[in-house]
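Engineer: Each chain, written out:
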Amino acid sequence: MAIEQFVSVALALVLSPLLLGVINRVKAIFAGRTGQPLLQAYYDLAKLLRKGAVYSRTTTWVFRAGPTIGLGSTLAALMLVPMGGTPALVSFSGDLVLFAYLLGLARFFTVSAALDTGSAFEGMGASREVQFAAVAEPALLLGLAALAARTHSLSLSGIFAGSASSAAAHGPAIFQWWLQMGPIVLLVGGAFFIVFLAENARIPVDDPNTHLELTMIHEVMVLDHSGPDLAFIQYGAALKHWVIGALVVGSLLPVHPAHPVWTPVVAVAGMLALAVVVGVVESVMARLRLLSVPHLLMGALALSVVALVLVIY
Amino acid sequence: MNAWTDVIVVLVALTNLGLLGSSRLSVCIRVVAVQGIFFGLAAVLLRAEPITVDLAVVAAASAIVKGIVFPVLLLRTARNVNIRREVEPFVGFSTSLFVGLVLLAFALWIGAQMPVEANPTGSLVIPLALFTVMVGLFTIASRRKAVTQVLGYLTMENGIFAFGVTVVGGIPVLVELGVLMDVFVAVFVMCIATWHISREFDHVDVDQLDALKG
Amino acid sequence: MDAGALILIQLALPALFAAACLVLRSPKAVLATVALGALVMAASTGATVWAVHVHGTLGAVGEWFFLDALSAYHLVLLSIVFGLSSLYSWKYFAHPHEKARFDLRTARRFGALWFGAAAAMTLVLESNNLGILWVGVEASTLLTAFLICLHVSPASLEAMWKYLIMCSVGVAFAFIGTLLVSASAAHAKLDGSDALLWTHLKAVAGNLNPTLLKMGFIFLLVGYGTKAGLAPMHGWLPDAHSQAPAPVSAVFSGFLLNSALYCIMRYIPIVEAGTGHVGWGLGILTLFGLASILIAAGFIVFQNDAKRLLAYSSVEHMGIIAVGLGLGGFGVFAAMFHAANHSIAKPLGFFSAGRLGQMYGTHDMTKMKGVLRVSPVWGGGFFFSLLALIGVAPFAIFMSEFQILRAAFDTGALVTLALFVAGTCIVFVGALRHAVRAAWEPADEAIRPEPAGALDIALVFLPLAAMLAFGLFLPSFASGAFAEAAKIIGGTP
Numbered sequence: 179m180a181i182e183q184f185v186s187v188a189l190a191l192v193l194s195p196l197l198l199g200v201i202n203r204v205k206a207i208f209a210g211r212t213g214q215p216l217l218q219a220y221y222d223l224a225k226l227l228r229k230g231a232v233y234s235r236t237t238t239w240v241f242r243a244g245p246t247i248g249l250g251s252t253l254a255a256l257m258l259v260p261m262g263g264t265p266a267l268v269s270f271s272g273d274l275v276l277f278a279y280l281l282g283l284a285r286f287f288t289v290s291a292a293l294d295t296g297s298a299f300e301g302m303g304a305s306r307e308v309q310f311a312a313v314a315e316p317a318l319l320l321g322l323a324a325l326a327a328r329t330h331s332l333s334l335s336g337i338f339a340g341s342a343s344s345a346a347a348h349g350p351a352i353f354q355w356w357l358q359m360g361p362i363v364l365l366v367g368g369a370f371f372i373v374f375l376a377e378n379a380r381i382p383v384d385d386p387n388t389h390l391e392l393t394m395i396h397e398v399m400v401l402d403h404s405g406p407d408l409a410f411i412q413y414g415a416a417l418k419h420w421v422i423g424a425l426v427v428g429s430l431l432p433v434h435p436a437h438p439v440w441t442p443v444v445a446v447a448g449m450l451a452l453a454v455v456v457g458v459v460e461s462v463m464a465r466l467r468l469l470s471v472p473h474l475l476m477g478a479l480a481l482s483v484v485a486l487v488l489v490i491y
Numbered sequence: 006m007n008a009w010t011d012v013i014v015v016l017v018a019l020t021n022l023g024l025l026g027s028s029r030l031s032v033c034i035r036v037v038a039v040q041g042i043f044f045g046l047a048a049v050l051l052r053a054e055p056i057t058v059d060l061a062v063v064a065a066a067s068a069i070v071k072g073i074v075f076p077v078l079l080l081r082t083a084r085n086v087n088i089r090r091e092v093e094p095f096v097g098f099s100t101s102l103f104v105g106l107v108l109l110a111f112a113l114w115i116g117a118q119m120p121v122e123a124n125p126t127g128s129l130v131i132p133l134a135l136f137t138v139m140v141g142l143f144t145i146a147s148r149r150k151a152v153t154q155v156l157g158y159l160t161m162e163n164g165i166f167a168f169g170v171t172v173v174g175g176i177p178v179l180v181e182l183g184v185l186m187d188v189f190v191a192v193f194v195m196c197i198a199t200w201h202i203s204r205e206f207d208h209v210d211v212d213q214l215d216a217l218k219g
Numbered sequence: 029m030d031a032g033a034l035i036l037i038q039l040a041l042p043a044l045f046a047a048a049c050l051v052l053r054s055p056k057a058v059l060a061t062v063a064l065g066a067l068v069m070a071a072s073t074g075a076t077v078w079a080v081h082v083h084g085t086l087g088a089v090g091e092w093f094f095l096d097a098l099s100a101y102h103l104v105l106l107s108i109v110f111g112l113s114s115l116y117s118w119k120y121f122a123h124p125h126e127k128a129r130f131d132l133r134t135a136r137r138f139g140a141l142w143f144g145a146a147a148a149m150t151l152v153l154e155s156n157n158l159g160i161l162w163v164g165v166e167a168s169t170l171l172t173a174f175l176i177c178l179h180v181s182p183a184s185l186e187a188m189w190k191y192l193i194m195c196s197v198g199v200a201f202a203f204i205g206t207l208l209v210s211a212s213a214a215h216a217k218l219d220g221s222d223a224l225l226w227t228h229l230k231a232v233a234g235n236l237n238p239t240l241l242k243m244g245f246i247f248l249l250v251g252y253g254t255k256a257g258l259a260p261m262h263g264w265l266p267d268a269h270s271q272a273p274a275p276v277s278a279v280f281s282g283f284l285l286n287s288a289l290y291c292i293m294r295y296i297p298i299v300e301a302g303t304g305h306v307g308w309g310l311g312i313l314t315l316f317g318l319a320s321i322l323i324a325a326g327f328i329v330f331q332n333d334a335k336r337l338l339a340y341s342s343v344e345h346m347g348i349i350a351v352g353l354g355l356g357g358f359g360v361f362a363a364m365f366h367a368a369n370h371s372i373a374k375p376l377g378f379f380s381a382g383r384l385g386q387m388y389g390t391h392d393m394t395k396m397k398g399v400l401r402v403s404p405v406w407g408g409g410f411f412f413s414l415l416a417l418i419g420v421a422p423f424a425i426f427m428s429e430f431q432i433l434r435a436a437f438d439t440g441a442l443v444t445l446a447l448f449v450a451g452t453c454i455v456f457v458g459a460l461r462h463a464v465r466a467a468w469e470p471a472d473e474a475i476r477p478e479p480a481g482a483l484d485i486a487l488v489f490l491p492l493a494a495m496l497a498f499g500l501f502l503p504s505f506a507s508g509a510f511a512e513a514a515k516i517i518g519g520t521p
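From first to last, the protein sequence lines are chains A, B and C. Taking the working numbering as reference, the numbering of the first sequence is continuous, increasing by one, and the terminal residue is 491. Taking the working numbering as reference, the numbering of the second sequence is continuous, increasing by one, and the terminal residue is 219. Taking the working numbering as reference, the numbering of the third sequence is continuous, increasing by one, and the terminal residue is 521.
Read the hints as simulated data drawn from the structure, not as lab findings. We put the CB at the ideal spot given by N, CA and C, even for glycine. Incorrect hints may have been included.
The following label-pair restraints were derived from C-beta to C-beta distances [said to hold, decoys possible]:
# : chain 1 : residue 1 : chain 2 : residue 2 : range
1 : B       : Glu93     : A       : Ser344    : 31 to 37 Å
2 : C       : Asp392    : B       : Asn87     : 44 to 50 Å
3 : A       : Ser461    : B       : Asp207    : 54 to 60 Å
Residues from chain C that keep clear of chain B, each with C-beta distances beyond 12 Å, as calculated [said to hold, decoys possible]:
# : residue
4 : Val82
5 : Lys127
6 : Lys190
7 : Glu300
8 : Thr439
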């Protein structure tokens, strides 16, 4: 079992930038372009790591610490996320709260680094980021609470293992299981998907390709970082895609851990499928007005609450 | 069949939240129509006894009237009085969604308080019917446009219909049809009234109908 | 001919007249049909009531239609109010001020809706099936909505919209209540269509599920109470009753409110028996009644519009009837008496206000001065109807209010007594001030007095005479009718 856990972490470390590549490739196909190479994210990381960093005189240690701590927190969160039915590297009861707080820690330091530059530009991005997080985090936590209430476990690994085994118990009658659990799974999956889009700065919440002041949220917070710091930030963003994506895929597509080979394959396939879906969503939708983003996130919160309320009753 | 009804019931809850959270009138109208059809289906599927002709007639009539006639009437009225969106309601859209979630919890609590014989199957239809009624009432109270108030009334009637069919076994067909006819005439009358209001006042903001005081 | 057929005839007549009005050729023809139709309906009512008196109860179409002393009594009230108002509308709409707006389309609409509303109210009174009862109440709401804005204007549209939404929502609540009461019957092994029949529910009332019954009664009280104008759900009433044309206001105040209270009266014996006769439902009803009296009193003092004053007076009187019902026993008899008095006096008030409004061109009482000089008949009608309504002796309302006081004293409901007295005194002072000012202060400008015809004199004299007669000496057929009706609700004379 230990090997599987290391395998899942290793896969995450290696394959997460590929997710970005897949999303960009899908968008390019929709636009009729050839687009960037699939491995472009890796090339960018390599390039950035070779460069030197430039620090503004107005910044303090917070600015330097931001990207490092951000990457560290995301790596720690990665340790807690199970893949399919396989338990995560580190799991204990209540680790879903730690998971949410680790993501929050990463966000806190990113925001602090942005504010540390003293630029109004980054400050604006920081305030928007925090405002949206205020609604997205409850959606995430309540969705996890719904799943936890259903499987009677407070550990991420326990939750997803519980879903997987209850799915497997029905065997070929998976449709029956779907029908019974279907509403809750769909509601939670939907809520997590919206949170995914929000946390990773995807359309319709934020446009990763824009550099207009009116429309930037995540992009603007990292404007002043360079060199290895920027590499850490980009790699951290890719890992965050993987981490939250694992939640989405895990809730929608439970996989039984009895197949040591199939589990990682199916899980990775699920992640790539998720990346394709995100690419499609990005291509067909426009970015929402900033005033409408909280509405969307409230919708995600509503989905989570409905799921939670249904599970409790 | 209980799993199916719960699926339908979840969808109905989502339609209610959708009604609370949308500002576009055409979306709201369609959402209420879908809700009416779903409640009709749930009422038929929930029967323990086999489906009789009576019940089928009532369900079919209800589905047609609520799913086709009402949206057509309301969309035409909205077009005639030239409104597309509910702007600036008394209670903002995010807050309305939040209030809706609180009402959902409250409705489920009340459903648990009701005596067992009213809800022998323990299904979620009754609490969700109550939720629908509360959402309808909240919509009437918190929105400014006349058409949205009519939608709130329709939502209330949807919830009451579902409540009636599940709590009271076997309401006579004639009564059900009478009720349906009453609701139809009510919506019709309200649409005509809205048209008159827009002609007389040049707007359909019921908040601005406050000349009569004291 | 089976006596039960009378019930159906009573229902069919207004429907036929409504259809007839749609195809008439001139406004005058419509008004004539209205008057004639009302007289025919009055005759039919007489026959029906006589049949009820002879047979005790009447039924038709299985058990779906049913007439007993209570519904027969209310049928009489309906025909009196409807008849007087129909005769009055003949005069009202023929006035030069109205003639311009009362064109053929308006006239046809008026006639059809007028009789349609009467048909709906008759359906309410004749139904044994509580679901059909509800259908009738909602139908009456919808049909009367466009009577309010017969003449489309911003104010009347506003009044109509408030009325439509508030009463539709209220009546929807009442439907939930009906469903809950019907569901409580499952406990008593009633099922299906039987659970909606009032006679069956009354028979097994002791076995109904008390929790569901209580929940249902609250919904019913709030729902039908909205339609009856009980505070705090009365918000639509002043607007609707003041903006509607005078004959419509008269029917609204004179009978439509009573029909909603009638629905509550039907549920009282069931709830009382179901909750073990502890007076739980009656207490809540009394609370609503007292709230209505006090709130109406407050608004009457500061009121300047004649029709709004009369509308708030309706709220007060519905509150008084509710208090009477809530006191039980002798109070119910007094409530029945009071209902009759109010239904006779209030239309007169609206008739006078309407005609005076036509003469003065406004309903503002600060401008309506010297009414006794301008028009002795209608000015006198206005003045004396106000006096009657606030409970000046020897008019009958004084007697019925006194009887309710006595009932409160007898049952030891001293808080109710005190609040009731306080409310009615405030109304007395407030409305008397308006009445005196309207009657005796010299008229501002030279208003052209209009001669009063025989019909005018009859319309004013008859209700006042009836009020005096009932106040001085209550004839036995009347007190017998009140007692019979009260017995059904659970009161004793």
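Engineer: For every hint, state whether the structure bears it out.
Structural biologist: Hints and how they fare:
Distance hint check: the CB atoms of Glu93(B) and Ser344(A) are about 47 Å apart, inconsistent with the given range 31 to 37 Å. The hinted range of 44 to 50 Å is not satisfied by Asp392(C) and Asn87(B), whose Cβ atoms lie roughly 36 Å apart. Between Ser461(A) and Asp207(B), the C-beta spacing of about 43 Å breaks the proposed range 54 to 60 Å. Against chain B, the non-interface label of Val82(C) holds: every CB pair exceeds 12 Å, the least being about 30 Å.
Distance check on Lys127(C): its Cβ is at least 22 Å (rounded) from any Cβ of chain B, clearing the 12 Å threshold; non-interface status holds. Some Cβ of chain B comes within 12 Å of the Cβ of Lys190(C); the nearest lies about 7 Å off, and the non-interface call is violated. At roughly 20 Å, the least C-beta separation between Glu300(C) and chain B is larger than 12 Å, which holds for a residue marked as non-interface. With a least beta-carbon separation of about 32 Å from chain B, Thr439(C) lies farther than 12 Å from that chain, consistent with its non-interface assignment.
In summary, the structure is inconsistent with hints 1, 2, 3 and 6 from the numbered list given earlier, while agreeing with the others.
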